[in-house]
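Chain order of the listed sequences is A and B.
Residue numbering for the first sequence follows the working numbering, starting at 1 and increasing by one per position.
Residue numbering for the second sequence follows the working numbering, starting at 1 and increasing by one per position.
Calculated from the structure, these hints are not laboratory results.
One thing to keep in mind: the hints can contain errors.
Below 25 Å or equal to it, Euclidean Cα-Cα: the simulated SDA-like pairs (lysine to any residue) are [what the hints assert, rightly or not]:
id: 1; chain 1: B; residue 1: Lys26; chain 2: A; residue 2: Lys65
id: 2; chain 1: B; residue 1: Lys70; chain 2: B; residue 2: Arg80
id: 3; chain 1: A; residue 1: Lys7; chain 2: A; residue 2: Gly52
id: 4; chain 1: B; residue 1: Lys70; chain 2: A; residue 2: Glu101
id: 5; chain 1: A; residue 1: Lys7; chain 2: B; residue 2: Arg60
id: 6; chain 1: B; residue 1: Lys26; chain 2: A; residue 2: Thr44
id: 7; chain 1: A; residue 1: Lys65; chain 2: A; residue 2: Gln6
Covered stretches of chain B (chain A as the covering partner; in silico rule of three or more C-beta atoms under 8 Å from a C-beta of chain A) [unchecked claim]:
id: 8; region: 72–78
id: 9; region: 101–107
From the three backbone atoms N, C-alpha and C, an ideal C-beta is built for every residue, glycine too.
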Amino acid sequence: SAVISQKPSRDICQRGTSLTIQCQVDSQVTMMFWYRQQPGQSLTLIATANQGSEATYESGFVIDKFPISRPNLTFSTLTVSNMSPEDSSIYLCSVAGGNWETQYFGPGTRLLVL
Amino acid sequence: SQQGEEDPQALSIQEGENATMNCSYKTSINNLQWYRQNSGRGLVHLILIRSNEREKHSGRLRVTLDTSKKSSSLLITASRAADTASYFCATDRDSGYALNFGKGTSLLVTP
């Protein structure tokens, strides 16, 4: 299994600003993902964070709005840019790969945009 | 994109009772997983069932999978107040390890 931490755990931001969320894993992992969970909703995949190359975004999500970095096999960041109240969600990173069949999730970052 | 649909959306039971949640999906899968989320926090992996398995147990959890009907069920026996949470099924995608999540069932267990 993997131990995943996210920073910050929660934040309240003003519209028009940007927030960078960090995801740290306690071991090297092949795959890292970022999901969004809007209030009362299920999880939606934003993108796959690729180590050493540009992230792979899902339909409806673009790099200008959600730039992602993955400088190594244990760390990734997601930036929510030019925020609006519609970006208020829980953002979760997850990891998978290797001998794992399951996917492990971080504790999430709860974001409120005013 | 979501491909799973859970029912019921919400379930309220008393401690000691059993809770059953169902999940349906649309495309073929390699495996199906169930996760629990307490009060908007991170997801905790509960159990994984492979497409060639029909039933799996883990403690008080029992999962079934019917690939012909593209459905799965999660049974929690002898429920406890601590089981109060949202439960999501998730299926693997055609490519990669990313998951498609269902809409979830909100379970409330009252003492």
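Outcome of the hint check:
With a C-alpha separation of about 30 Å, the suggested pairing of Lys26 (chain B) with Lys65 (chain A) is violated against the 25 Å cut-off. The hinted pair formed by Lys70 (chain B) and Arg80 (chain B) fails the criterion: a straight-line CA distance of about 29 Å is larger than 25 Å. Restraint check: the Cα-Cα separation between Lys7 (chain A) and Gly52 (chain A) comes to about 22 Å, which is no more than 25 Å; the hinted pair holds. At roughly 20 Å between alpha-carbon atoms, Lys70 (chain B) and Glu101 (chain A) fall within 25 Å of each other, so this suggested pair holds.
For a cut-off of 25 Å, the pair hint linking Lys7 (chain A) to Arg60 (chain B) is broken: about 33 Å separates their Cα positions. Between Lys26 (chain B) and Thr44 (chain A), the direct Cα distance comes to roughly 16 Å. Compliance with the 25 Å bound is thereby established for this hinted pair. About 20 Å separates the Cα atoms of Lys65 (chain A) and Gln6 (chain A), which keeps this hinted pair within 25 Å; it holds. Note: the region 72–78 of chain B has 0 residues with beta-carbon separation from chain A under 8 Å; the three-residue rule is not met and the coverage is violated.
Coverage of the region 101–107 of chain B by chain A holds in this model, with 4 residues showing a Cβ closer than 8 Å to a Cβ of that chain against a need of three.
In summary, the structure is inconsistent with hints 1, 2, 5, 8 from the numbered list given earlier, while agreeing with the others.
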